[in-house]
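Peer 1: Given the coordinates of chain A, work out where chain B should sit on it, guided by the hints.
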Amino acid sequence: MRAEPDDDLWAAIADPSRRRVLDLLVHRGEASASWLARQVPFTRQAVSKHLVVLEQAGLVGRRKEGREVLYRVNTDRLDQATRAMVEIARQWDRRLDTIKRLAEAAYTEARSAAPECPT
Amino acid sequence: MSMSEYQIEREIVIDAPVEVVWRTITEPDQISQWFADKVELEVKAGAHGYMGFGEQGGPVVVETVDPPTRFSFRWNHPAGEEAVAGNSFLVAFTLVGEGEHTRLRVVESGLDLLPWADVDKQQYAEEHNDGWGEFLDRLVRLLAERT
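Listed in order, the protein sequences are those of chains A and B. Counting in the working numbering, the first sequence runs from 1284 upward without gaps. Counting in the working numbering, the second sequence runs from 374 upward without gaps.
Derived by calculation from the structure, the hints in this document are not laboratory data. In this text, a Cβ means the ideal position worked out from N, Cα and C, and glycines have one as well. Among the clues, some could well be false.
As the list claims (entries may be wrong) - Here are the computed lysine-lysine pairs in the DSS-like style, where the Cα-Cα straight-line distance is at most 27 Å:
1) B:Lys-411 - A:Lys-1383
2) A:Lys-1383 - B:Lys-417
3) A:Lys-1347 - A:Lys-1332
To be verified - Covered stretches of chain B, going by a simulated chain A footprint (3 or more residues, C-beta under 8 Å):
4) 392-400
5) 406-417
6) 471-482
Isolated chain A (complex conformation) (with noise of 0.2 Å):
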């Protein structure tokens, strides 16, 4: 019907929790779950909880590095994320200039079909 992502992509940054889980991952590179539970307000069980809805919808990878798992974000995935939103601004960019466009020209034919009388 539209230009967007898929719901998992949606649902996993429509939360602004995990944007923010998302953004220290974007800033860092890499991290594991304890540094990032570090860097936020809500607790080491939340960010799992965060990290694994990011990696299901794709945005996240994980690789094991001895004893730790780092996750770091998935660009590609992230961009077309990105893209899928500045288009629906667009979308809506041109949506409003049409009304403008109609209701302007609608505007200028009634008063042309009904001029004012100057007061």
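Peer 2: Only chain B this time, still in chain A's reference frame:
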């Protein structure tokens, strides 16, 4: 609005009075020129309609009709399901008349598919009033830096 919804906000100034803009955004034959190709809609709160986009299409439910300042509808919910906050997009228009001009704002918000009902979220949302638009701007900047 729940903090966990995404939101896109756009605004435009139109050189026409608010009543004219109101008709443009609410009359089906007008809507079919700026939104869907095919519009079956009664402008009445609670009315169920249909919007077609080429081969595709789906139900739409009118939520608020408050002429000439507020008009909103929900769409993109699965056919056969009742449109609620969790399964649809809400499109809300606000019109502010400024003499011969009208400031038209549209906010599309939606899809809180995964309710995170923990207190952490609420607390976080209160501490970080982090808007969707701001996030989008930041992402665009970040991605521009990377390429």
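Peer 1: Hint by hint, say whether it matches the structure.
Peer 2: Checked hints:
Proposed proximity of B:Lys-411 and A:Lys-1383 is supported: the alpha carbons are some 20 Å apart, at most 27 Å. Distance check on the hinted pair: A:Lys-1383 and B:Lys-417 sit about 23 Å apart at the alpha-carbon level, within 27 Å; holds. The suggested pairing of A:Lys-1347 with A:Lys-1332 holds, with an alpha-carbon distance near 18 Å, which does not exceed 27 Å. Under the rule that three or more residues need a Cβ within less than 8 Å of chain A, the assignment of the stretch 392-400 of chain B holds, with 5 such residues.
With 3 residues carrying a beta carbon less than 8 Å from a beta carbon of chain A, the stretch 406-417 of chain B meets the three-residue requirement, and the given coverage holds. Residues of the stretch 471-482 of chain B with a Cβ under 8 Å from some Cβ of chain A number 4, which satisfies the need for three, so the listed coverage holds.
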